[in-house]
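Peer 1: Please build the complete structure, drawing on both the sequences and the hints.
Here the protein sequences line up with chains A and B, keeping their order. Its first residue numbered 1, the first sequence is counted upward by one per residue in my numbering. Its first residue numbered 1, the second sequence is counted upward by one per residue in my numbering.
By construction, these hints were calculated from the structure, which means they are not laboratory data. From a predicted model like this one, the values you see are computed outputs, not experimental measurements. Possibly wrong hints are sitting among the right ones.
Identical copies carry no separate label here, and so any pair may be met within one copy or between two of them.
To be verified - Using 25 Å as the maximum straight-line C-alpha spacing, the simulated SDA-like pairs for lysine to any residue come out as follows:
1. K250 <-> A199
2. K250 <-> R236
3. K250 <-> T73
4. K250 <-> G219
5. K250 <-> Q65
Protein chains: 2
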Amino acid sequence: MSFAHLLEIDRQRGQSLYRQIAEQIKLQISDGRLPAGTQLPTVRQLAHSLNVTRATAQSAYGELQSGGWVESTVGRGTFVIAAPQNEDIITAVMGNQLTPDRLMGNMQRIGRIVGLRSLAYAEPDPALFPTEEFWSSLMAQAHDATDLFQYSAPQGDEMLRVELSVMLGERGIAALPDEVLVTSGATQALAVVTQTLAARGDYVAVEQPVYLGLLHILGTHGARPIGVPLDSEGVRLDCLEQVIVQHHPKFLYTTPNFQNPTGTGMSAQRRTDLLALAARYRLTIVEDDVYGQLHYGDTPASPLKAHDTEDLVVYVNAASKVLMPGLRIGYIVAPFAMQDRMISIRQANDLAGAPLLQRAFANFLHRGRLKIHLRRVLPHYRERRDALLQALQYAMPHGVEWTRPEGGFCCWITLPDDQMSSDLYHEALQHGVAFTPGDAFLIKPDGHYHLRLCFGSSTPEAIHEGVNRLGELLRERTTVRFRGRARDLPLV
Amino acid sequence: MSFAHLLEIDRQRGQSLYRQIAEQIKLQISDGRLPAGTQLPTVRQLAHSLNVTRATAQSAYGELQSGGWVESTVGRGTFVIAAPQNEDIITAVMGNQLTPDRLMGNMQRIGRIVGLRSLAYAEPDPALFPTEEFWSSLMAQAHDATDLFQYSAPQGDEMLRVELSVMLGERGIAALPDEVLVTSGATQALAVVTQTLAARGDYVAVEQPVYLGLLHILGTHGARPIGVPLDSEGVRLDCLEQVIVQHHPKFLYTTPNFQNPTGTGMSAQRRTDLLALAARYRLTIVEDDVYGQLHYGDTPASPLKAHDTEDLVVYVNAASKVLMPGLRIGYIVAPFAMQDRMISIRQANDLAGAPLLQRAFANFLHRGRLKIHLRRVLPHYRERRDALLQALQYAMPHGVEWTRPEGGFCCWITLPDDQMSSDLYHEALQHGVAFTPGDAFLIKPDGHYHLRLCFGSSTPEAIHEGVNRLGELLRERTTVRFRGRARDLPLV
Chain A
1 MSFAHLLEID RQRGQSLYRQ IAEQIKLQIS DGRLPAGTQL PTVRQLAHSL NVTRATAQSA
61 YGELQSGGWV ESTVGRGTFV IAAPQNEDII TAVMGNQLTP DRLMGNMQRI GRIVGLRSLA
121 YAEPDPALFP TEEFWSSLMA QAHDATDLFQ YSAPQGDEML RVELSVMLGE RGIAALPDEV
181 LVTSGATQAL AVVTQTLAAR GDYVAVEQPV YLGLLHILGT HGARPIGVPL DSEGVRLDCL
241 EQVIVQHHPK FLYTTPNFQN PTGTGMSAQR RTDLLALAAR YRLTIVEDDV YGQLHYGDTP
301 ASPLKAHDTE DLVVYVNAAS KVLMPGLRIG YIVAPFAMQD RMISIRQAND LAGAPLLQRA
361 FANFLHRGRL KIHLRRVLPH YRERRDALLQ ALQYAMPHGV EWTRPEGGFC CWITLPDDQM
421 SSDLYHEALQ HGVAFTPGDA FLIKPDGHYH LRLCFGSSTP EAIHEGVNRL GELLRERTTV
481 RFRGRARDLP LV
Chain B
1 MSFAHLLEID RQRGQSLYRQ IAEQIKLQIS DGRLPAGTQL PTVRQLAHSL NVTRATAQSA
61 YGELQSGGWV ESTVGRGTFV IAAPQNEDII TAVMGNQLTP DRLMGNMQRI GRIVGLRSLA
121 YAEPDPALFP TEEFWSSLMA QAHDATDLFQ YSAPQGDEML RVELSVMLGE RGIAALPDEV
181 LVTSGATQAL AVVTQTLAAR GDYVAVEQPV YLGLLHILGT HGARPIGVPL DSEGVRLDCL
241 EQVIVQHHPK FLYTTPNFQN PTGTGMSAQR RTDLLALAAR YRLTIVEDDV YGQLHYGDTP
301 ASPLKAHDTE DLVVYVNAAS KVLMPGLRIG YIVAPFAMQD RMISIRQAND LAGAPLLQRA
361 FANFLHRGRL KIHLRRVLPH YRERRDALLQ ALQYAMPHGV EWTRPEGGFC CWITLPDDQM
421 SSDLYHEALQ HGVAFTPGDA FLIKPDGHYH LRLCFGSSTP EAIHEGVNRL GELLRERTTV
481 RFRGRARDLP LV
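Peer 2: Set out below in structure tokens:
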């Protein structure tokens with residue numbers, strides 16, 4: 001069979017070849033050009049006809065197979081089976097409950113919906129990844145590869161800790177390499193911090209709304225989150241003090257720089273007051289700064305930890321948002337007394353990280369490539385933020401409110417009433433736009449329906465299209481609602 | 001300064017250049033050829049004079065600096081400071097308590113003791129790593145790198161799960177790719193299993209002695225281990241049944257193939273009986289098979305899971321012992337009902353693994369390189385096992401007993417009395433040989449002093465030297481003991 005001419009492979013595109021091939025075959029199946037039962041070429045034939053490696057062809061088929069598009073039988077070949085319709089995937093995505101871990105786990109599935117505009121995930125745009133530059137840093141480790149394939153220190157690669165110490169210093173945080181604990185992403189950092197500071201049943205104060213991944217971590221370890229609301233300057237200290245006095249939380253989790261899901265920052269005055277309040281009650285603050293270097297204003301944002309004269313702040317950061325999440329590299333700078341315990345817990349969780357990727361990241365930092373990368377991508381992300389705000393202004397019906405993100409990837413939308421929101425997540429997916437429902441970020445409902453929209457991984461055009469579709473859905477609902485109410489009026 | 005002629009760099013050796021440079025400089029410092037205060041060349045000068053890259057020179061200095069051998073001051077240069085004597089490192093290694101996590105954390109420190117014969121860690125020999133072959137598998141991912149730097153599925157790379165499913169099938173375990181959960185090494189696998197099955201305060205039955213890392217994991221999560229002794233055929237079922245009836249353990253942890261620390265296997269009859277007992281009490285068995293493919297007999301060892309008709313076995317394996325631990329890749333095959341919960345817990349621990357290394361491992365497996373690697377290394381490890389047994393036979397004083405490892409890297413030594421053991425760990429380090437004290441593998445002392453000796457990462461010569469030194473120490477102690485007792489006799 002020859003169907004290679006149906007596939008358009010663009011070697012200049014950021015997307016990998018195997019994924020391009022898989023996507024194009026999916027489109028052909030969806031369009032009915034490759035009906036169920038069609039035999040696809042062998043891996044060898046496909047590789048030959050497209051002039052790609054067999055590994056690439058195999059990867060494309062692997063992706064199609066795991067997505068349920070094709071079926072391979074040894075000795076017979078690969079056949080198109082009934083294509084999963086978007087509706088099937090949406091049904092799978094909906095599941096029973098939109099819990100934080102289900103929403104996070106849906107990331108892969110949502111990526112399989114054809115034609116979707118996804119504003120659902122707070123992730124950087126792969127098209128902006130400095131893949132080649134990082135690959136050079138990886139290649140530079142070839143001579144040390146044997147050492148980097150051995151067991152390594154649970155605290156992380158020494159050279160990476162040196163580089164992180166330098167970068168932290170530039171942001172005002174004085175941390176020796178020995179005071180840095182490298183983790184598997186910010187998630188492991190937050191898991192280790194939680195295990196170190198809070199036992200089952202203990203209270204933890206969190207901003208409300210808050211990063212849903214943290215709620216999943218706290219839930220897994222049996223810690224109980226207490227919400228502290230935000231105002232325009234950040235976490236409300238009167239409410240925090242009340243929580244401290246009533247519940248003695250083991251720590252406050254906060255994201256002063258470009259909070260997830262709101263995208264907003266904490267004012268300078270609020271930071272000062274928060275540190276003073278924490279000092280008064282000896283409250284540990286866990287600062288999540290994963291968005292701190294993604295700022296769209298004129299001046300870089302300073303971490304809270306840079307002003308932590310009392311050593312009360314546990315600082316958490318990662319390479320996931322500023323560089324690439326697949327590296328799985330995060331780090332913690334903790335007060336001295338906690339460090340040994342954290343290393344011990346990290347050992348119990350996964351022994352140590354992968355030294356090769358840590359060393360490559362060290363090399364990348366050493367060569368100044370992260371700074372160059374940030375200078376290159378910040379204008380793009382700023383443009384997308386602006387596109388989102390403009391699209392919201394244009395498309396949202398009266399009464400809908402939203403935050404103005406100063407950094408990061410997130411924007412928080414509040415609908416004026418519940419009627420507008422009924423089944424919105426599901427219907428939006430059916431209309432080709434994904435967001436994250438706000439309930440996932442709240443410990444208890446606050447009487448409003450919220451949406452988190454993320455603008456990091458979509459082009460300005462896709463953002464406009466996605467927001468316009470959402471706006472249409474909401475306007476329809478407003479109309480339906482008025483019709484509904486009209487019917488409820490007495491017929492006099 | 002020119003001291004490049006002091007350093008002998010061998011580009012053909014398995015050890016990386018930077019480590020060779022660092023080791024040689026350490027030797028020069030130890031020998032007094034580079035006294036404290038000596039200014040070392042700049043990174044640029046060193047790289048030039050040795051014809052290595054600046055990154056390599058920088059790495060060498062990084063290693064020296066973190067080991068406390070040199071000090072770098074910006075603008076001034078790098079200077080030799082007082083060299084840490086072996087005794088300083090040994091003091092640091094000894095610490096206060098030889099807890100499992102401290103013993104594991106000492107791995108890096110022990111590696112800095114000059115001239116040490118280490119029989120302390122159950123690790124494969126880096127000199128036998130298939131570094132170049134694996135590097136090819138890594139290079140083959142260049143075109144897909146952007147995709148592999150994104151967030152990935154918590155369950156692990158689909159292509160790796162396909163390859164693992166094939167390999168498991170060859171070992172008698174029928175597991176679909178969807179039933180495999182990829183983890184960060186066996187440690188994360190065991191942590192996820194523990195979190196899934198046991199709550200704080202729950203009992204867990206473990207072989208006695210048992211892998212010390214498991215005890216650290218159980219301790220971190222507040223689960224309580226109950227020891228079940230081993231006999232020559234494996235875990236004793238009469239004792240296990242008693243533990244089941246009395247304590248209702250959440251699971252039994254067992255390593256039927258080449259147990260750590262004893263190196264012994266479970267007999268076929270015992271396996272059948274264990275599965276029958278587990279079925280009777282519906283006891284979950286957690287099988288750790290990380291050494292299962294490292295067998296020194298004529299026939300490959302079968303996993304317990306291959307005979308698990310009742311779906312009671314949670315199977316854990318990893319690339320760490322059979323290939324390279326720095327990949328940080330492990331995997332779980334669990335009964336269906338546990339799978340979702342395990343994926344959710346893995347998400348709370350570190351979200352997902354590094355897709356690049358997973359995909360490279362998939363490629364390595366797909367190309368049949370793991371089988372080739374095992375065929376190549378098994379004769380080496382068998383030779384080392386034989387060397388160890390021979391050396392023990394030759395060097396150990398009367399009354400010392402040891403196991404005969406049938407696979408893996410571990411051998412378990414039992415001393416005839418306590419007197420012989422007093423301060424042995426410390427003194428052995430001072431005499432240039434490291435082992436792991438047996439107490440770390442026991443829940444409660446069994447009245448004997450034990451040592452774990454590992455033969456995987458040492459040459460037959462080093463094994464002979466290490467065991468001979470140990471034998472001398474033990475023989476001296478026997479003499480001292482008799483002298484001591486003699487003095488205690490009444491002088492009549």
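Peer 1: With reference to the structure, classify each hint as holding or not holding.
Peer 2: Outcome of the hint check:
1. Taking the shortest alpha-carbon separations for K250 and A199, both the intra-copy value of 9 Å and the inter-copy value of 21 Å come in at or below 25 Å.
2. Proximity of K250 and R236 under a CA criterion of 25 Å is satisfied intra-copy only: 18 Å inside one chain copy versus 44 Å between copies.
3. Taking CA atoms no more than 25 Å apart as the test, K250 paired with T73 passes in neither setting, with 55 Å inside one copy and 39 Å between copies.
4. With identical chains, the CA atoms of K250 and G219 are at most 25 Å apart both within one copy (15 Å) and between copies (21 Å).
5. Taking the closest pair of Cα atoms, K250 and Q65 never come within 25 Å of each other, the shortest separation being 47 Å inside a single copy and 37 Å across copies.
Taken one by one, the earlier hints fail for this structure at numbers 3, 5, listed in ascending order.
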